[in-house]
Amino acid sequence: MKIFVAGGTGAIGRPLIAKLLAKGHALIALTRSPEKAQALAKQGVEPAIADVFDADAVKSVVSRAHPEVVIEQLTALPKTYTRESMNAAAALNNRIRLEGGANVLTAAQAAGVRRYLRQSVAFYAIPGPGLADEDTPLAFDASPAIAAGARELAELEGRLLETHNLEGIVLRYGFFYGPGTWFNPDGDVAEQVRQQQFPIIGNGEGVWSWLHIEDAALATIAAAERGNPGIYLIANDQPLPLHKWLPAFARWLNAPPPPRISVEDVLKTDGGTDAVYYATQIRGVSNAKAKRDLNFQPRPLEWVEKEVSSD
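Count along the sequence shown starting at 1, add 610, and that's the number in the working numbering.
There are no misleading hints in this set.
Restricting the straight-line Cα-Cα distance to at most 20 Å, the calculated cross-link-like pairs of lysine to aspartate or glutamate (DMTMM-like) are:
{"no.": "1", "residue 1": "Lys646", "residue 2": "Glu656"}
{"no.": "2", "residue 1": "Lys689", "residue 2": "Glu824"}
{"no.": "3", "residue 1": "Lys612", "residue 2": "Glu835"}
{"no.": "4", "residue 1": "Lys629", "residue 2": "Glu835"}
{"no.": "5", "residue 1": "Lys669", "residue 2": "Glu709"}
{"no.": "6", "residue 1": "Lys899", "residue 2": "Glu835"}
{"no.": "7", "residue 1": "Lys689", "residue 2": "Glu801"}
{"no.": "8", "residue 1": "Lys633", "residue 2": "Glu835"}
Simulated from the structure, these hints should not be mistaken for laboratory data.
Throw the hints in and build the complete structure from the sequences for me.
This is the structure we're talking about:
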């Protein structure tokens, strides 16, 4: 297939492009950097140079490429995973997803693209027992950042899924780990864990769903090739509460055990309600639909011992 990738140089974009090329797909990748364009060309990818905020330029390059499929992976996330860095990056990240993504989607419609995939996240389902699925409502009434994220997701996903002249697929990814991510041995969270700066808050019962970055790429390709329109939750088979995955992560890094801090103390800090949500209320997700429709076979979480369970 001829595939246009928007966001092909990020953590997921790099393995995605490598695996698409290995499968023989013809690729065009959007970039505004001549240096990145040269690197893409060396890989065998046709670069499309345009600023994602320039609607006319995006429309022109997508029209010229005339792809069958568009994969949108636009983000502007920081290298560090801290409250300060995430807040600082939020405005650009939101703009690139909302405005930039709208430009790519409009260009795809104009070019007669058959199928359009976009990145989303798997951790904004309403809290509750068991694992969330694709029909579980989003957490619009959660803590401020979570609620804002849920509203943005609803807008982004709805905009695509309500577009009737192409096949829209939303991929809600779990927390990325692996090369180029925060949760790799050379990543920012690993360094925070070594410095005992990533604590278990309260009971640590918030359940995190994980996804290796290369499995994210494989699931994306499967969805591009044979997925049905709609939403897919893409995560591995080991959703785990914070109080289990974080100590295991620390042991894997040969780091000290993570400290513990009370909910009351965290709530006294700026953004504390969001930190408490991630630590105590976040809900894990089921990957049953992706396994059924996409033959998704995620690898085990590498830092978790076999005897650790989600119970």
